[in-house]
Amino acid sequence: MGSLIGIVMSVVVLGVIFVVTRAGATGDMARNGAVGIRIKATRRSEEAWHAGHAAALPVVRTACVVLLLVDLICLVLVFAAPESVTPWLGVIPLAGILVATVPIMRAARKGADSAPSNI
129 MGSLIGIVMS VVVLGVIFVV TRAGATGDMA RNGAVGIRIK ATRRSEEAWH
179 AGHAAALPVV RTACVVLLLV DLICLVLVFA APESVTPWLG VIPLAGILVA
229 TVPIMRAARK GADSAPSNI
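Numbering of the sequence shown is given in this note's numbering, commencing with residue 129 and proceeding in unit increments.
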């Protein structure tokens with residue numbers, strides 16, 4: 129049961145990551161202190177905010193597809209794998225999300241750094 133919660137939470141988190149990144153990229157979400165890719169480069173200006181999210185969006189899209197496939201595989205294994213493996217099946221998707229944040233943040237930083245500066 130615990131692994132199912134981990135898998136479901138992974139799907140929810142992936143949905144939130146995608147929606148927030150897309151909103152920042154399209155301009156539907158202005159720079160703010162609550163949600164979004166909040167790194168030094170994206171907080172520099174409104175242009176950097178949108179450019180960073182726009183640059184990260186393709187990486188987020190790819191990460192979401194790959195991690196949803198991982199979620200699906202883990203879900204199948206919850207019912208097909210031996211019980212000794214089952215607890216790890218809820219941790220694997222969440223670890224995948226943590227690993228995916230590295231290329232997402234790198235893409236956002238690169239995009240934000242290419243935005244015009246207001247200085």
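Read the hints as simulated data drawn from the structure, not as lab findings. Each hint should be verified, as a subset may be incorrect.
[To be verified] Derived CB-CB ranges, DEER-like:
#, residue 1, residue 2, range
1, A151, V193, 30 to 36 Å
2, K168, P215, 36 to 42 Å
3, L200, T229, 48 to 54 Å
4, V227, G130, 19 to 25 Å
5, W216, T154, 35 to 41 Å
6, S212, F146, 31 to 37 Å
7, S245, V193, 30 to 36 Å
8, T190, M137, 17 to 23 Å
9, G130, G161, 32 to 38 Å
10, D156, S212, 31 to 37 Å
11, T190, P210, 28 to 34 Å
12, A158, R189, 20 to 26 Å
13, V163, F207, 15 to 21 Å
14, M137, K238, 44 to 50 Å
The C-beta atom is built at its ideal place from N, Cα and C for all residues, glycine as well.
- prompt: Measuring from beta carbon to beta carbon, are S245 and V193 in 30 to 36 Å?
  reply: 34 Å, holds
- request: With 19 to 25 Å as the target window, see if V227 and G130 comply at their CB atoms.
  value: 21 Å, holds
query: Does 32 to 38 Å hold as the CB distance between G130 and G161, or does it fail?
result: Taking Cβ atoms as reference, G130 and G161 lie about 34 Å apart, which means the hint holds.
- request: May I ask you to test the hint 35 to 41 Å on the CB atoms belonging to W216 and T154?
  value: The hinted range 35 to 41 Å holds for W216 and T154, with Cβ atoms some 37 Å apart.
- prompt: Okay, A158 versus R189 on CB: inside 20 to 26 Å?
  reply: 22 Å, holds
query: Are M137 and K238 spaced within 44 to 50 Å by their CB atoms?
result: 29 Å, violated
message: Holds or violated: the 31 to 37 Å window for the beta-carbon distance between S212 and F146?
response: 33 Å, holds
Status of the given 31 to 37 Å range, CB of S212 versus CB of D156: 46 Å, violated
- prompt: Has the hinted range 36 to 42 Å been met by the Cβ atoms of K168 and P215?
  reply: 37 Å, holds
query: Within 48 to 54 Å or not, the Cβ separation of L200 and T229?
result: 21 Å Cβ-Cβ, so the 48 to 54 Å window is violated.
message: Does the beta carbon distance between A151 and V193 stay inside 30 to 36 Å, or does it fall outside?
response: Distance hint for A151, V193 is violated at roughly 19 Å.
Verdict for T190, P210 (Cβ pair) under range 28 to 34 Å: With a Cβ separation near 32 Å, T190 and P210 satisfy 28 to 34 Å, so the hint holds.
Violated hints, in rising order: 1, 3, 10, 13, 14; the structure is consistent with all others.
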